[in-house]
Amino acid sequence: MIAVVGAGLVGRRAATELSARDHEVVVVDERRMPQRLPAGVVSRTSVPQGASVVILATPTWAQPDAAAQLIENGNAVVSTSDAPADIRAFERLDLDARRAEQPLVVGAAHSPGLSLLVARWLANGLDSVDSISTASFGTGGPACARRHHQAIRGFGRHYDQGQEELCRAGSGRRLIWFPDPIGGVDCYYGRLAEPFLLHRSFPEVPRIRARIAATRRDRLTSRLPMLRPPHDEGLIGGCVVEVRGRGAKGYEHRLLASCAPQASVAAHTAAAAAEAVLQGRFDVGVGTMADVGDIEGTLSTIARSVPLFSFDGKSAQSDSTDLSRPARKPKRQ
Amino acid sequence: MCNYDALMFTMMRRAIFGMGIAGLMAIVLRIFGGDGSAPQSGGWREIDPASLGDLSRQHE
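Top to bottom, those sequences are chains P and X. If you read the first sequence in this note's numbering, its first letter stands for residue 29, the second for the next number, and so on. If you read the second sequence in this note's numbering, its first letter stands for residue 7, the second for the next number, and so on.
Everything labelled a hint here was simulated from the structure, so no lab data went into it. Ideal placement from N, C-alpha and C gives every residue a C-beta, glycine not left out. Among the hints, erroneous ones may be present.
Unchecked claim - From the derived model, a few chain X residues whose C-beta atoms are all more than 12 Å from chain P: (1) ILE53; (2) ALA56; (3) LEU58.
What the hints assert, rightly or not - Interface residues of chain P toward chain X, partial, derived using beta-carbon atoms under 7 Å: (4) PRO335; (5) PHE339; (6) ASP340.
Unchecked claim - Across the chosen pairs, the derived CB separations fall in these ranges: (7) GLY24(X) - SER156(P): 53 to 59 Å; (8) PHE15(X) - ASP158(P): 47 to 53 Å; (9) ARG245(P) - ALA21(X): 36 to 42 Å; (10) PRO234(P) - PHE38(X): 23 to 29 Å; (11) ALA56(X) - ARG245(P): 38 to 44 Å; (12) PHE15(X) - ARG202(P): 24 to 30 Å; (13) MET31(X) - SER156(P): 55 to 61 Å; (14) TYR10(X) - PRO234(P): 18 to 24 Å; (15) PHE38(X) - ASP260(P): 26 to 32 Å; (16) ARG19(X) - LEU255(P): 50 to 56 Å.
If we strip away everything but chain X, and leave its shape as in the complex, we get (with noise of 0.2 Å):
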């Protein structure tokens, strides 16, 4: 009996360790992860087909 007490306290103890390293990772990758702030404007714009050309020299 006092085995399993043992052995659940140990396993409780390393679920609270596990979860605070998560939360830590959490708050780590929250503060500094990312790329700066999502497109909040812009979207899909129709080519013409005759730009095309224009586009392409644009893109070199």
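Same shape as in the complex, but just chain P (with noise of 0.2 Å):
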């Protein structure tokens, strides 16, 4: 039985996902009407005793303490918390879960959670990987769009040169171009939790980046409260994952990304980290989607109900084709 606490927009989504591959799941929210869920999902206002495994899909701020509450008793448990305080909350609860002798994953929901999967799908086969870098576009649910907005705020982390470094929050700037219908957005650093799983799951990497878009208004207002109440949700989302490293065929640039409503991709990804959990694809203690047993097995589920894009550049001066431009004279080896 998986349990999923939290009946927003994730939490439903999760419990469908769960539910149409047959499942037994509960939704555990007093708050909600039950019949708001799907068919054959069962409500709860407690998690129940024979759940193998729990989502929290609740606001960020409840997650790390109903996380230790039920790693104490015993159950596994995924989180869909992105806030980086939650994060290092969770990692204190790594030695708890070692001795419960069950996974806790954080970060599965979008970015982090897809990004962190496909960061590590896009480095297998890399001899050494020198950057990661992360871009994410737009929000889910009410709860997700209030944490975009304190994200660009204060100050963030990244990593250079294998160290941890700060960075103030809505500085970096840069262009990044999204799949359609989405297109180029400037992104900037922002107050992530995403640069300390990388970290985490990636420790050899020296240069590790995390952006969010934003827009103007983003930046400007981020310092007061939110002017007007949060959009019921974000419609469209996207994140752009970039791993460059030394492989076989020499320095590679490997680009994929997301694109799809940020809440049903978190939900996806969570669903498909408790079926990872079910089946026993994750090491006991604290981890992150990207230390998931089955790398591509699980990137193949997500993919099958989120649209996943790799970008095929190709450089004027290889098309031969083109003989409108003048060839740029190549660059000396």
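Build the complex from these two chains, which are given one at a time in their own frames, with help from the hints.
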């Protein structure tokens, strides 16, 4: 049995996904009406005793305490929180999770979550990885929108030469091209959990960056309370993962992106993580999506519901059919 | 007053010298910098989930 705590967008969609895959699913949320849940999913006000895995899909601040309690009760936990403070709190539960012999999967959402899985998939086969960069666009439900608002103020962290460094949220602008219909968007450093999680799973990678898409208005108003209530759901979301490193073919630059509503991607990732836990594909203790045993299988499962895109760039100088442009002098080797 | 003029002249001379160096560097970087031409074709291509294994093998 899989219990999903929280009947928001992510919780409901994860329950629907797992129910469609013939799992016994219980949604735990005392505030929601049962009729809002998908057919075949039972509603409870507390986590049932027999739950093998518990997905935490509540607002982020509530998750570390809930995870500690669940680990103490002997449940495996999958968390969808993306708040850096929560991730630090989860890391402190590592010893408890090992004692309980249960996995605690952290950051199992879109970005972090799917982004970590994609980073591992891209890095596989490279002899050495020099750099991992991620960029995310969009928000899921209202709680996610509030987190996005908070993420653009204060200080974030990234890794340079393997060392953790502070960076001002809202700085480090870079134009990132997401798949259509998103297109090119300015992305900035932020108070994000992804660098910690990537560093945790890829301690040997010297350069780790995570950015978040933001508008001028987002950056200007980030220090103020939200000026209007967030939308019920951000309709489109995306994430681009870029891995650079040296492989058999020389220096390689690999990119993969996802483009779908953030809440749906987070739900599919959390559901895939819960299934992976049931199948014993996570070690005990704290782990991320990059630590799952079967990377390709898990990514394939998610890719059946979430469109993934690979980037195939082609330089004009290698395009012999285009004669309208004068050929540029090739770069000296 | 004379001292003030000399200071202003020195400052201007240094500013012009600095701008000249910056201009020279910009010209050098513009001519010799860059990494070939930017991609002119290609782009994001949706992946068939069933072909993830093939892509992995291509990577290797």
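message: Quick check on a hinted range of 23 to 29 Å for PRO234(P) and PHE38(X), using CB atoms only.
response: Since the Cβ atoms of PRO234(P) and PHE38(X) sit about 27 Å apart, the hinted range of 23 to 29 Å holds.
task: Using the beta carbons of PHE15(X) and ARG202(P), state whether their distance is inside 24 to 30 Å or not.
output: Since PHE15(X) and ARG202(P) have Cβ atoms about 43 Å apart, the given range 24 to 30 Å is violated.
- request: Please verify that hint: PHE339(P), Cβ, nearest Cβ of chain X, below 7 Å or not.
  value: holds (6 Å)
- prompt: Does the Cβ pair PHE38(X), ASP260(P) satisfy 26 to 32 Å?
  reply: violated (53 Å)
- prompt: Is it the case that LEU58(X) keeps its Cβ farther than 12 Å from each residue Cβ in chain P?
  reply: violated (5 Å)
query: Quick one: are GLY24(X) and SER156(P) within 53 to 59 Å, going by C-beta?
result: With Cβ atoms ~41 Å apart, the hint is violated.
query: Do the beta carbons of PHE15(X) and ASP158(P) sit within 47 to 53 Å of each other?
result: holds (49 Å)
CB-CB spacing for SER156(P) and MET31(X) relative to the 55 to 61 Å hint: violated (32 Å)
task: Mind checking the hinted window 36 to 42 Å against the Cβ distance between ARG245(P) and ALA21(X)?
output: holds (37 Å)
Status of ILE53(X), Cβ more than 12 Å from any chain P Cβ: violated (5 Å)
Outcome for the supplied range 18 to 24 Å, where the beta carbon pair is TYR10(X) and PRO234(P): violated (52 Å)
- request: Can you let me know if the beta-carbon spacing of ALA56(X) and ARG245(P) is within 38 to 44 Å?
  value: Taking Cβ atoms as reference, ALA56(X) and ARG245(P) lie about 42 Å apart, which means the hint holds.
The structure does not agree with the numbered hints 1, 2, 3, 7, 12, 13, 14, 15 stated previously, though it agrees with the rest.
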